[in-house]
Amino acid sequence: AQTVTQSQPEMSVQEAETVTLSCTYDTSESDYYLFWYKQPPSRQMILVIRQEAYKQQNATENRFSVNFQKAAKSFSLKISDSQLGDAAMYFCAYRSDAGKSTFGDGTTLTVKP
Amino acid sequence: ETGVTQTPRHLVMGMTNKKSLKCEQHLGHNAMYWYKQSAKKPLELMFVYNFKEQTENNSVPSRFSPECPNSSHLFLHLHTLQPEDSALYLCASTAGDPYEQYFGPGTRLTVT
Chain A
1 AQTVTQSQPE MSVQEAETVT LSCTYDTSES DYYLFWYKQP PSRQMILVIR
51 QEAYKQQNAT ENRFSVNFQK AAKSFSLKIS DSQLGDAAMY FCAYRSDAGK
101 STFGDGTTLT VKP
Chain B
1 ETGVTQTPRH LVMGMTNKKS LKCEQHLGHN AMYWYKQSAK KPLELMFVYN
51 FKEQTENNSV PSRFSPECPN SSHLFLHLHT LQPEDSALYL CASTAGDPYE
101 QYFGPGTRLT VT
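Sequence lines, in order, name chains A and B.
Under the working numbering, the letters of the first sequence match residues 1 to 113, in that order.
Under the working numbering, the letters of the second sequence match residues 1 to 112, in that order.
FYI, nobody ran anything at the bench for these hints, they're computed from the structure.
Honestly, I wouldn't trust all of these hints.
Derived coverage of chain A by chain B (criterion: at least 3 residues anywhere in the stretch with Cβ under 8 Å from a Cβ of chain B; other residues may be distant) [said to hold, decoys possible]:
1. 36 to 45
2. 103 to 112
In the DSS-like style, the derived pairs of lysine-lysine whose C-alpha atoms are separated by at most 25 Å in a straight line are [said to hold, decoys possible]:
3. A:K70 <-> A:K55
4. B:K40 <-> A:K112
5. A:K78 <-> B:K41
6. B:K36 <-> A:K100
7. B:K40 <-> A:K100
These figures come from a predicted structure and were not determined experimentally.
Even glycine gets a Cβ: it sits at the ideal position worked out from N, Cα and C.
Kindly generate the complete structure, drawing on both the sequences and the hints.
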């Protein structure tokens, strides 16, 4: 069974600074997909970024980028130029080729003005 | 807005009540999910429906009964719940593999 580990229950960052949230996973599959979701205090969870395991290039979406290390089974999220609106809980998720999703425990990010 | 709606947003019910949660998506997705999110716990997948057929039931107690009448609607029928069932119940949908899930805003359930 796949497992997803987010070792940082809480993180904080100063506004305009950069922060990296860590995520590791365990799988025996070669094809899979990885996601970072954001759940702000309003509670609607939204997708931040996704990465296909077969792609070597790290995904980037504006201020959000990932560092995908397939051999190390690591998938960290970097948020650049942090904004107050980035404050939320962030979930790392693994989706197998068969469609089964596994979520990490989440990291609560606080952005300090 | 993600295109997935859930009603009600908040629900308080006694242990002997019967209530239902509703989820609706207008995204043309073919898979729908129920998750339970408790404080300080990871998301727990409860049920998965693909093309209206239940494809996964993660050992959920029978006091939770899902229903998927069509690809756009998903219900969670609740009866004789326990206080430990108090949580945020999230619905999600996806267009299929390998696409990401679109989540609803959730229903905050409190069982008294």
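Evaluation of the provided hints:
Counting residues of the stretch 36 to 45 of chain A whose beta carbon lies closer than 8 Å to any beta carbon of chain B gives 5, which meets the minimum of three for the stated coverage. Counting residues of the stretch 103 to 112 of chain A whose beta carbon lies closer than 8 Å to any beta carbon of chain B gives 4, which meets the minimum of three for the stated coverage. The hinted pair formed by K70 of chain A and K55 of chain A meets the criterion: a straight-line CA distance of about 10 Å does not exceed 25 Å. Taken as a hint, the K40 of chain B and K112 of chain A pair is honoured in the structure, with Cα atoms around 23 Å apart against an allowance of 25 Å.
Straight-line distance between C-alpha atoms of K78 of chain A and K41 of chain B comes to about 24 Å, which keeps the hinted pair within the 25 Å bound. Of the supplied pair hints, the one linking K36 of chain B and K100 of chain A holds, its CA atoms being roughly 16 Å apart against a limit of 25 Å. With a C-alpha separation of about 22 Å, the suggested pairing of K40 of chain B with K100 of chain A holds against the 25 Å cut-off.
Comparing the model with each numbered hint stated earlier shows that all of them hold.
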